[in-house]
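J.: Sequence:
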Amino acid sequence: MIYQGDTLSVRYLEDGLAELNLDAPGSVNKFDRATLKSLAEALDALESKTDIRALLLTSAKSAFVVGADITEFLDMFSSPEEELAQWIADANAVFSRIEDLPFPTISVISGFALGGGCECILSTDFRIADSTARIGLPETKLGIIPGFGGTVRMPRLIGADTAMELITAGKESKADAALKLGLVDAVTAPDDLRDAALALAQQAIDGKLNWEQRRSQKKAPLQLNKMEATMSFTMAKGMVAQVAGRHYPAPMAAVIAIEEASRSSRDEALLIESKHFVKLVKGPVTQALVGLFLNDQFLKSKAKKAAKEGKDTQHAAVLGAGIMGGGIAYQSASRGVPVLMKDISQASLEMGMKEASKLLNKQLDRGRIKGAKMAEVLASITPSLHYAGIEQADIIVEAVVENPKIKAAVLSEVEGLISEDAVLTSNTSTIPIDLLAKSLKRPENFCGMHFFNPVHRMPLVEVIRGKDTSDETISRVVAYAAKMGKSPVVVNDCPGFFVNRVLFPYFAGFSLLLRDGADFTKIDKVMEKKFGWPMGPAYLLDVVGIDTAHHAQAVMAEGFPTRMAKDYRDGVDVMFEQNRYGQKNGVGFYKYSIDRKGKPKKDVDADVAPLLSSVVGSETSFSDDEIINRMMVPMINEVVRCLEEGIIATPQEADMALVYGLGFPPFRGGVFRYLDTIGLQNYVAIADKLANLGPAYEVPQGLREKATKGEGYFDAQRQSA
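Using my numbering, the letters of the sequence shown map in sequence onto residues 126 to 846.
Some clues are possibly wrong.
Said to hold, decoys possible - DSS-like cross-link-like pairs, simulated, lysine-lysine; straight-line CA separation at most 30 angstroms:
#1 Lys407 x Lys162
#2 Lys404 x Lys655
#3 Lys654 x Lys608
#4 Lys814 x Lys655
#5 Lys344 x Lys495
#6 Lys186 x Lys425
#7 Lys487 x Lys266
#8 Lys498 x Lys722
#9 Lys362 x Lys654
#10 Lys831 x Lys425
#11 Lys650 x Lys709
#12 Lys436 x Lys592
#13 Lys608 x Lys495
#14 Lys344 x Lys333
#15 Lys722 x Lys266
#16 Lys530 x Lys487
#17 Lys495 x Lys483
If you're looking for bench data, these hints aren't it; they were derived computationally from the structure.
This one's a predicted model, so the numbers in the text were calculated from it and none came from an experiment.
Given only the sequences and the hints, what does the whole structure look like? Please build it.
T.: And the structure:
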C-alpha cells in the first residue's frame, strides 16, 4: 500500500503500475475538502516513489465522481475573496500535480464524472470509459463556472467551440458522444473496462502512446490564430447572450474566461478562471441557484423518508379524464404505476387517452422511449366508464370539475367502492380539503393532491393536509408523487392552499396598477424582462384562463376578505364580462393565433384599450422599480404569512413551490432567498412606503421583527452547509 486515507487509497498493482482508488464513505464519491486533502497527501506519496511507471485513477463506486460537495458551497462562498481564491488555488494545485506526475496517468470512468469529477479526468493523460459513463461540467446551472481547471483543459483537449458549447449549457455527454468529441479515448462494455484500462496503461508504458505530447497540448495556449479566435468567441458570446440572457451571468463568464486565457499557459489560465469563478460566487445568482439545489435535495430527502414510512403505491386510479386526467394518468403509468382512468363520458376518456398518446409520441420522436415501452405504458392506462377494478387502487386521484358539490358527491360514492386503507385525494386548486372531507366516512384517508397544468411539465404537486388527514396518508401521497417524478410539497389546508393563495395578491397588485393608470403591456414587459418572470401578469392571466381566475379570485376574497376582497371593478372583471377568457378562446388581454409549431402566439389587440378604459385611471408613468415593488410586495407578504401561520413548513419548501409551481425566477431563488438578498430591512422600508395601498401591503409582524434583529431566513442553512 502506497497511501491509505478515509476517502481514497493508492496501491501497487504489477510491474510498476499503481492504482489510485476513490472510495469515500457513503454511496458516492464527491470532491469535498476532506477528499482534496487526501488527494494531496496521496500525491505526496506518489511523488516520493521512483519505481512507478503509470497510474490508474479508478472508483470503487458505480460512479467515478459525481462532482464537488455542494453542501459545502454556501458556507465556503461566504468566505472573504482572498480565502476563496486561496482555496481554489490549493485545489488547482492538486489537479495540476496529477497532470505533472512523471509517468502516464489514465482515468478509468464508470457512471458519472461530473463537475470536479470531470475536471479530475481532464487532468490525466488518457481517459477510458465504459458504456454507462456520463461526463460533463454542469457548473453554469448553479450560477458558477468550473473552478478546478475545466475552462482551461477542456478547450485545449477538444477545441474551443465544442468546449464552450458544453460548458455554457452545462451539458453532459454519454459515453459514445464523449468518444466522438474526444473527451475519452476509448469506450468498452462495463465488464471489459478494467482489462482495457490495464492494456492502455501498458501501451503508454511501452511508448506506443505519446502521453507527453498529450500533456503538453493541455498545458500550452489554445491553438487558434487571431482570426479564428475572433470569430469563435464573437459567435459564442452572441449565442450565449441570446440563450442565457442577462439574468444568468455564468455562461458568458465561461466564454470570457476561455477567451482571456486562450493565449496563456496552463498556470496563467487557471488564475484567469479563478478570478471569474470568485467574482461569480460572490454574486446573488450563485447564492440563489446553489440554494435551490440544496432546497431540492431537502425535498428529495423528505420524499425518501415518506417512501420508507408509507405503503408503496402499486395501482392508482384517476376520476375524470380529459386533458388533466389524461396528463395525470400518463405521469403515473410512465413511471411504472398502472392506472384506471374513469369518466362518465366516452368523449372525455378518448381525450384523456389522446393526451397520454400525444405525450408518449413526443417521447418517441425525441428518442427518449422505445416503441415497445410506449405500448407498455399505454396498455397500463385502463379507460373506463365504470368503477370495475377500482378496488385494486391504492391511491385514487379525483380530478373532476372544480365544483365542491360534484367533487364531494364523487368522493363519497368512490369511498364506498375502495378498500378501507386506500387513500383518496382531490386534485383541487381552491376548494378547502376540510370542506370536501365532510362528505367522507374516513377523512383520515383523504388529502389534496394539486397538480399543475400541464402535468407533464410542471414539477410541483401540492399535497394538502386536512385537519383529520393522517400522517400515513400524507407519507403515501408524498411517496406516490415522488414516484411519479414530481416534487411534492406538503401544505396545510386554507383557501387557495399555498401557491394560489400567494398568486392572487400578485394579481391584485396588477389590478391596482391598472386602476392607477399603468399600461398592462408595460407591466408585463417589466415583470418579464427586468424581474424575470416567464410571463407578465396579464399574459399569465390569459394562460390560466380569465374565467378560472375570476372564479378563484371570488373564492380568495371570501377566504381572506381583509386583504383579498376588492371594492372596485377591475381588468379581470372586464375581460370576463366580454367573454375574453384568454388562450382558451383566443382573446383575453392579448389575442392569440396558432404558430407553425401549433403553439399559441401572443399579439397585442387594439380592441383591449377601449374595453379597459372604464377601469384604467388616467395614464400614469411608473418607473420599473415602482412596478416591481407594487407587484411583488403583496405576494411576498402573503408568502411570509403562510410560513408564520404554518401553512407551509419551511422557507426551503416555500421557495421550491414558487419556482416549480409558478415559475418564480430561479436566479432570484424564491421569495425567502430574494428577501435575504435584498435585505429584510430594505424590504420593510420599500413595503412601508406602499402601506397606503391597503392591508395586502402591510408587512407581517414576524418579518418586521426579523428585520429589526438583522436576521435572514436562510441563516441556518448557510451555517449547516
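J.: None of the hints should be skipped; say for each whether it holds.
T.: Here is what the structure says about each hint:
At roughly 24 angstroms between alpha-carbon atoms, Lys407 and Lys162 fall within 30 angstroms of each other, so this suggested pair holds. A hinted pair counts as satisfied when its Cα atoms are at most 30 angstroms apart, and Lys404 with Lys655 qualifies at roughly 22 angstroms. Restraint check: the Cα-Cα separation between Lys654 and Lys608 comes to about 35 angstroms, which exceeds 30 angstroms; the hinted pair is violated. Taking the CA atoms of Lys814 and Lys655, the gap is about 21 angstroms. The hint holds against a cut of 30 angstroms.
Distance hint between Lys344 and Lys495 is unfulfilled; the C-alpha atoms sit about 44 angstroms from each other, more than 30 angstroms. Distance check on the hinted pair: Lys186 and Lys425 sit about 22 angstroms apart at the alpha-carbon level, within 30 angstroms; holds. A hinted pair counts as satisfied when its Cα atoms are at most 30 angstroms apart, and Lys487 with Lys266 qualifies at roughly 25 angstroms. With a C-alpha separation of about 26 angstroms, the suggested pairing of Lys498 with Lys722 holds against the 30 angstroms cut-off.
Between Lys362 and Lys654 the CA atoms are separated by roughly 19 angstroms; this keeps the pair inside 30 angstroms, and the hint holds. A threshold of 30 angstroms between alpha carbons decides the hint, and for Lys831 with Lys425 the separation of about 29 angstroms falls inside it, so the pair holds. This hinted pair checks out: Lys650 and Lys709 have alpha carbons roughly 22 angstroms apart, not beyond 30 angstroms. With a C-alpha separation of about 21 angstroms, the suggested pairing of Lys436 with Lys592 holds against the 30 angstroms cut-off.
Between Lys608 and Lys495 the CA atoms are separated by roughly 21 angstroms; this keeps the pair inside 30 angstroms, and the hint holds. Between Lys344 and Lys333 the CA atoms are separated by roughly 21 angstroms; this keeps the pair inside 30 angstroms, and the hint holds. The straight-line distance between the Cα atoms of Lys722 and Lys266 is roughly 28 angstroms, inside the 30 angstroms bound, and the hint therefore holds. Pair hint Lys530 plus Lys487 does not hold up; C-alpha atoms about 37 angstroms apart against a cutoff of 30 angstroms.
With a CA separation close to 15 angstroms, the supplied pair Lys495 and Lys483 stays within the 30 angstroms bound.
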